[in-house]
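*Asks:* The residues making up each chain are set out below.
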Amino acid sequence: MATTLTINGEPKSFDAPADMPLLWVLRDVLGMTGTKFGCGIAQCGACTVHIDGKAVRSCMLPVGAVRDRAVTTIEGVGASPVGAKVQKAWLELEVVQCGYCQSGQIMAAAALLAATPNPDDSDIDAAMAGNICRCGTYVRIRAAVKQAASQRQS
Amino acid sequence: MTIAERNFELVSRRALLTGGLAGGFLLAFHLPAGALPVNEPVQPPDDTAGKFAPNAFIRIDDSGRTTLVMPQVEMGQGVYTSISMILAEELDADFSRVALEHAPPSDKLYGNPLFGIQATGNSNSIRAWWPHLRKAGALSRAMLVQAAAKQWQVDPASCTTANSEVMHRDSGRKLSYGALALAASNEVPPKDVPLKDPKDFGLIGKPLKRLDTPDKVNGKAVYGIDAIMPNLKFATLKACPVFGGKVAKVDDSAAKKIPGVQKIVVLDDFVAVVGDHMWAAKKGLDALVIDWDEGPNAHLNSNDIWRDLRAASEKDGAVAKSVGDIAKGLATGERLDAAYELPFLAHATMEPINATVHVTADLCEIWTGTQVMTRVQSEAAKAAGLPVEKVIVNNHLLGGGFGRKLEADMAVAAVRIAKQVDGPVKVVWTREEDIQHDVYRPVYRDTIAATLANGKIVGWKYRVSGSSIMARWFPAGFQNGVDIDGVDSAIDMPYDIPNFHVEFVRAEPSAVPTGFWRGVGPNNNVFAIESFMDELAKKAGKDPVDFRRGMLGKNPRLLAALNLAAEKSGWGQPLPDRVGRGVSVQPSFASFIATVVEAEIDEFGEVKLRRVTCAVDTGIAVNPDTVVAQLEGGLIFGLTAALYGEVTIDKGRVQQSNFNDYRMLRIDQAPIIEVHVIKSGEAPGGIGETGVTAGPPALRNAIFAATGVALRRLPIDRSLLAGKRS
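First to last, the sequence lines map onto chains A and B.
Under the working numbering, the final residue of the first sequence carries the number 263; numbering is consecutive throughout.
Under the working numbering, the final residue of the second sequence carries the number 743; numbering is consecutive throughout.
No wet-lab data here; the hints were simulated from the structure.
Quick caveat: nothing in here was measured; it's all calculated off a predicted structure.
Accuracy of the hints is not assured; some may be wrong.
No more than 27 Å apart at the CA atoms, straight line, and that leaves these computed lysine-lysine pairs for DSSO-like [unchecked claim]:
| hint | chain 1 | residue 1 | chain 2 | residue 2 |
| --- | --- | --- | --- | --- |
| 1 | A | 163 | B | 571 |
| 2 | B | 556 | B | 345 |
| 3 | B | 741 | B | 556 |
| 4 | B | 208 | B | 226 |
| 5 | B | 226 | A | 255 |
| 6 | B | 585 | A | 255 |
| 7 | B | 585 | B | 571 |
| 8 | A | 255 | B | 223 |
| 9 | A | 121 | B | 237 |
| 10 | A | 255 | B | 345 |
| 11 | B | 559 | B | 741 |
| 12 | B | 152 | B | 226 |
| 13 | A | 197 | B | 226 |
| 14 | B | 559 | B | 345 |
| 15 | B | 625 | A | 255 |
| 16 | B | 223 | B | 152 |
| 17 | B | 237 | A | 197 |
| 18 | B | 223 | A | 197 |
For reference, chain A alone in the conformation it holds in the complex (with noise of 0.2 Å):
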């Protein structure tokens, strides 16, 4: 079925079929491969992107019902100045270490503050905890969080 979605503000077609998860149209049939595979059942969030501006899991989001809506993903955060503001402060804070779950970790960051501009701890532990971090750099993202906040708006 030929699809058309707008994914970081460009129109992509593509065939797949509507139950396929977003997740794996993004990987596998348009090689967008920054958004990740974690664990297939929204319990990791690994691989988060944006619908709309919301932070979603796409490895259970069927692509036919995105419809008209704008997907934003890793590769395309960095446009809005919310996401340049989280990347910035991630590298700022050297956040990362093996990476894997940073896409995603980026991806609900910059929704959040995107909705809540100058989040406390308990809105940090509201939008972040359906991230997992293996290499455990929670101490990390939540101070780039907070870093991100603190920047004005570039």
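Put chain B on the given structure of chain A with help from the hints.
*Replies:* Just chain B now, with coordinates in the frame of chain A:
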């Protein structure tokens, strides 16, 4: 970038190097028996034409582009940056302009000097390579200086180097390394070369930004699972849920009807579905009706495994170390006995197990992320039925390793599938398959008897019972009944004990495959030793920190770490009800670490981590920020296991399957962590696994302090803690 362009980039990154090492210093490494013959190329040679290529690690072209080839793999531990810092330090290279390459498989060129094979593990990358890479950098620098001095007709001793330039002190003339690259290629390296005095280090010891992280925040980093190439197919697999079981019969009629399913591959021990994408492969796999021959393990369960291990642990073991007179020691003073038990654990790397393979009649090419490049190559060669030199391994970043990727099984499985597929195929395991067919951290049982006199330990008899991973993985590490990893941190305990005896009992769990898990042998031994230390302190009527201090007189580095951690954690200061502090110390991996965990235990037995304070003397900290990060992350990794980690077996099957029932610590449960790095001029120690071993005993001791409950098993059993307070 299109898929085709991406493929080109991946292929062009293919292992590049076979150039020999200048000065032959690599030959000084102890190569294992059976290493590849010298000069036998294992990969197409890299193109060193027009480049200064003095050894296997450094390439400088005439534009000055400096490429450093990484003998160890990057799995989050920051080693690409640390190794680059060591090379660039002695080379005096402009660190802002270095580029990195993954090394190809070659034990000869890139064998870990401490293992003899190309492996990344045991927190030893920096320890293993420190002297060798410094020398590689210094020799290369000397050749560049010689080339410049010749051009200027001056004494090389009158030249200095900095930022990829040679300078002549008196005349002020300068030549860049790029301009010197060709001339330096013709220079003979000096026989010997002085290394820098650590006080002159410009890079080492500075908290530099990691080189691998910018592409990890924008989606560009390529892990093994991200390999893409034209005509790529996707596959996922299912092994018999019962260990050792076989495929009996497969009905694939429904699976074949699923759009995108291309092929069903039925092998004796697993079934795979190949499709146009992972979704087709997964749906196809789910639609298969598979009858399994469950074999002899169909009734195996955890209770049987524990019964067998407990029985084995009651017998005498092979003696790993014995000092003084243990019989006399145990007959002196007050005696305490205990046994500690640790469960099976899965690795659960965030990047699920995968390998991409293309098999043709005379070549097998693999794209993956592995801790054991040459082992993947040789095992894949066997599976493909090809000579080793016909197997190309392209290594990538690892989305976590934790010891899981010290195995080659994922590559072998992918080769067996790829042999039946026309074109390349990416084999990705589901998380369920990853958890249920791991190579597990073994179950361990540690029995300890110790005696106390005048507030000190006079006799210590310690017996480790569990799997010998070395016997399978590296047989030279299992000799005379002792697994050198299994007793690591037990035979070299930090305390001054006059009568001291350590045994190892090899007790392999029935049917369950076991392997290395981050923290390796010490994650068992440090837990048992440091837990028992608190029980002994209580029996002696002493504060746990003071009790340890009294026996660390011969270990000043660890004593200093303990004192610093005690001070920074506020040890001894009052705490609220139901809150306790626990301490652990360890000399493991040649780093000296003291850790204090502060935890609160509620009336239902739930444990809340409040704060962790860690003091570390790891010798020269090559990149101090990486040392801090590895401890922060390692502590979370170990505390996760202490709080939640257990793989259990019933009816021959692993009962856990994904993150819903194999639980991970999340950000809302993470404590505040403070790491204090002690300045040191000693040689660098290991750091990647140290936090993993440090966290669990310190938490267990915090619970002991808060509740009075002496836990002797992990994970923490909350039912034992409910309603308890000290």
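*Asks:* Now look at each hint and say whether the structure bears it out.
*Replies:* Right, here's what the structure says about each hint:
For the hint linking residue 163 (chain A) to residue 571 (chain B), the alpha-carbon distance of about 58 Å lies beyond 27 Å, and the restraint is violated. Proposed proximity of residue 556 (chain B) and residue 345 (chain B) is supported: the alpha carbons are some 20 Å apart, at most 27 Å. With a C-alpha separation of about 20 Å, the suggested pair residue 741 (chain B) and residue 556 (chain B) falls inside the 27 Å cut-off, and the hint holds. For the given pair, residue 208 (chain B) sits about 34 Å from residue 226 (chain B) by alpha-carbon distance, which is inconsistent with the 27 Å threshold.
This hinted pair checks out: residue 226 (chain B) and residue 255 (chain A) have alpha carbons roughly 20 Å apart, not beyond 27 Å. With a C-alpha separation of about 25 Å, the suggested pair residue 585 (chain B) and residue 255 (chain A) falls inside the 27 Å cut-off, and the hint holds. Note on residue 585 (chain B) and residue 571 (chain B): the hinted pairing holds, with a Cα-Cα distance of about 23 Å set against a maximum of 27 Å. For the given pair, residue 255 (chain A) sits about 25 Å from residue 223 (chain B) by alpha-carbon distance, which is consistent with the 27 Å threshold.
Simply put, residue 121 (chain A) and residue 237 (chain B) have alpha-carbon atoms about 19 Å apart, close enough for the 27 Å limit, and the pair holds. The straight-line distance between the Cα atoms of residue 255 (chain A) and residue 345 (chain B) is roughly 60 Å, outside the 27 Å bound, and the hint therefore fails. Distance hint between residue 559 (chain B) and residue 741 (chain B) is fulfilled; the C-alpha atoms sit about 22 Å from each other, no more than 27 Å. Of the supplied pair hints, the one linking residue 152 (chain B) and residue 226 (chain B) holds, its CA atoms being roughly 24 Å apart against a limit of 27 Å.
For the hint linking residue 197 (chain A) to residue 226 (chain B), the alpha-carbon distance of about 13 Å falls within 27 Å, and the restraint holds. Between the alpha carbons of residue 559 (chain B) and residue 345 (chain B) the distance comes to roughly 24 Å, so the proposed pair stays at or under 27 Å and holds. Straight-line distance between C-alpha atoms of residue 625 (chain B) and residue 255 (chain A) comes to about 23 Å, which keeps the hinted pair within the 27 Å bound. Taking the CA atoms of residue 223 (chain B) and residue 152 (chain B), the gap is near 20 Å; set against the 27 Å cutoff, the hint holds.
As the CA atoms of residue 237 (chain B) and residue 197 (chain A) are separated by approximately 15 Å, the hinted pair is consistent with the 27 Å bound. Only pairs whose Cα atoms come within 27 Å are accepted, and residue 223 (chain B) paired with residue 197 (chain A) is accepted, the gap being roughly 21 Å.
Violation of the numbered hints given earlier is confined to hints 1, 4, 10; the remaining hints are satisfied by the structure.
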